[in-house]
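Protein chains in written order, with the numbering used here: chain H, -11 to 104; chain E, 54 to 169.
None of these hints come from the bench; they were simulated from the model. For every residue, glycine included, the Cβ atom is placed at its ideal position computed from N, Cα and C. A few of these clues could be false.
To be verified - Have a look at the derived ranges for each label pair, beta carbon to beta carbon:
1. H:S0 with E:P137: 30 to 38 Å
2. H:K58 with E:R56: 30 to 38 Å
3. H:S49 with E:Q70: 43 to 51 Å
4. H:P29 with E:D54: 16 to 24 Å
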Amino acid sequence: AQKVTQAQTEISVVEKEDVTLDCVYETRDTTYYLFWYKQPPSGELVFLIRRNSFDEQNEISGRYSWNFQKSTSSFNFTITASQVVDSAVYFCALSEAETSGSRLTFGEGTQLTVNP
Amino acid sequence: DARVTQTPRHKVTEMGQEVTMRCQPILGHNTVFWYRQTMMQGLELLAYFRNRAPLDDSGMPKDRFSAEMPDATLATLKIQPSEPRDSAVYFCASGPPLSGGAVEQFFGPGTRLTVL
């Protein structure tokens, strides 16, 4: 069965600090996708990134970067120079293409608070 | 900027009443999902459709919930009769298929349902 674990329930940082959100997943599939979503206080789920299991290249998008390591089944998300607007709940999610079709399994989420 | 739309955004109803939630997927997306978010359970998949056909509704209480896609531009989720434990935020998501059968999912703003 697929599973996603976000061990950090809450993180609080001061503006301009770097912060890393951890995500560990379990799957038996060889083909799968990993996602990160942001849920700001407004409640919407905003797509941030997807990664497929065959692409372990790290990715950077502005202040955001993602580190995918199959050897440790982790897909961690780093925000550099955090800002107050980054305050949100961040969800990591897994989609196993082979065994569960398009179903997304979400982690429990990490509440990030960035204080001024 | 294409978005998934959901109506109503908020719904307060009394136990026993029928509730209908609507979703308009992004034009061209052939897969539609319904998720429910609660504090206790987090984000959980209720059902999903591909090309308007239901593929998986195993996450949905069958006795009171029903999901349909009358046409490619409308998905509905009905609860009849509603119960207080159905109080949650219901998200609709749509997406185009990725390789290997997975789907990139874009979420609507959600319907916040309160059943008194």
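Give me the numbers of the hints this structure contradicts, sorted from smallest to largest. none
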